[in-house]
Amino acid sequence: MRFRYIIILMLLPLLTEAQFEKKILVEWFTNTYCGICASKNPGLQEVYKSFTGGLHRMTIHPDVPYPQCSLHNFNKEDNLARESYYNIGGTPSLFLNGQSTSTSSALAFGDAIGAKLGQTSSISVEVDEVSSSQVRITIESSADLSGEYRLFVALLEKHLAFDAPNGESEHFDVLRDFVSSADGDPVNIPAAGESMNVSYSFFVPDGVDPDEAYILAFVQNYSTKEILNSGTKFDEISTSTVDASDIAELTTFPNPATDQLHVGVGKDFDIHKMEIFSQNGQLMKSVSLTTPEKEASVGISALSSGTYLLHVDLGNTIAISRFIKE
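Start counting at 1 in the sequence shown, then tack on 18, and there's your number in the working numbering.
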């Protein structure tokens with residue numbers, strides 16, 4: 019069922035132009051009668067859970083290979099829309115920010131996520147569920163973009179306990195309905211340094227647990243299929259990863275490093291915690307400071323050679339930097 023929506027545009031000047039953290043949206047195509055899905059999904063799920071943040075997921079149930087799938091038939095129109103858009107021919111199938119990725123192994127899935135971890139976007143998407151029947155989407159832009167962009171707003175069920183015919187008993191982030199059009203609503207991305215608000219009215223369909231229902235919003239280039247960014251109410255307020263690092267005057271040295279990585283921040287900031295992540299998103303090391311400091315060091319001699327992401331907790335924001343371990 020389509021929902022009525024009210025669009026309110028409000029252009030607001032932003033104080034600075036910066037790149038925003040780009041969330042990774044996993045579109046997960048599966049089917050409750052699919053035996054291969056039952057064998058592969060648990061391993062893929064463990065990889066997904068291993069990442070500490072920066073990911074969103076929407077689980078879609080196409081009518082292939084089994085049209086009798088009850089989660090497909092709960093909402094054929096919306097499931098078929100994404101199936102047709104990506105030309106899905108089998109399950110499981112995975113798309114990361116609109117790009118197909120291998121489901122051959124859990125390791126390949128982790129590598130694909132790791133390759134996109136730490137990327138930035140020219141827009142941010144923030145979701146504010148102002149009531150149980152209304153949501154406000156805020157899109158901020160740091161660049162003038164041209165292209166055919168569409169805003170998708172979906173109602174998902176975060177966790178569903180259901181004994182499927184293929185043996186799976188738990189289902190996550192299930193697409194239950196599009197609040198926007200199933201093909202997305204055309205949207206003009208604000209000019210650099212501006213933002214816009216879009217408000218939608220919605221209701222939770224019968225058969226969906228209201229306590230598990232939430233809204234996912236994302237902006238997609240409809241021609242290229244690239245998803246620029248996505249958001250949910252569970253996200254922290256968007257800040258630019260590049261901007262946070264610059265404002266905090268985050269420094270890491272030496273880089274490349276072999277034994278110790280020294281970290282420093284500017285006078286208005288303190289280091290509370292440092293976390294090192296591998297390229298596939300695995301937490302490799304975590305160091306919490308008993309007393310926040312402006313300078314700190316972390317031992318990296320045990321790490322294998324390669325590129326890593328350093329997340330520096332500044333108390334009210336996270337600054338991110340890359341470094342190379344030799």
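Don't read these hints as lab results, they were simulated from the structure. Just so it is clear, the structure is predicted and the values come from calculations on it, not from any experiment. For each residue, glycine too, the CB sits at the ideal point set by N, CA and C. Please note: incorrect hints may appear among the correct ones.
[To be verified] Cβ pair distances, simulated, as ranges:
| # | residue 1 | residue 2 | range |
| --- | --- | --- | --- |
| 1 | L301 | I342 | 42 to 52 Å |
| 2 | Q117 | A161 | 19 to 29 Å |
| 3 | G324 | K176 | 52 to 62 Å |
| 4 | S88 | S315 | 22 to 32 Å |
| 5 | A133 | K291 | 47 to 57 Å |
| 6 | I342 | H290 | 35 to 45 Å |
| 7 | E344 | P310 | 39 to 49 Å |
| 8 | S217 | E244 | 24 to 34 Å |
Verification of the supplied hints:
One distance hint, 42 to 52 Å for the beta-carbon pair L301 and I342, is violated here, with the actual separation near 18 Å. Against the hinted window of 19 to 29 Å, the Cβ-Cβ separation of Q117 and A161 comes to about 21 Å, which satisfies the hint. Look at G324 against K176: about 34 Å separates their beta carbons, and that is not inside 52 to 62 Å. Take S88 and S315: their Cβ atoms lie about 55 Å apart, and the range 22 to 32 Å is violated.
Taken as a hint, the range 47 to 57 Å is violated for the pair A133 and K291, whose Cβ atoms sit roughly 25 Å apart. Checking the proposed 35 to 45 Å range against I342 and H290 shows it is violated: the Cβ atoms sit about 24 Å from each other. Separation of E344 from P310 is about 29 Å and departs from the stated range, judged on CB atoms against 39 to 49 Å. Distance hint for S217 and E244: a CB-CB separation of about 25 Å, consistent with the stated range 24 to 34 Å.
Comparing the model with each numbered hint stated earlier shows that hints 1, 3, 4, 5, 6, 7 do not hold.
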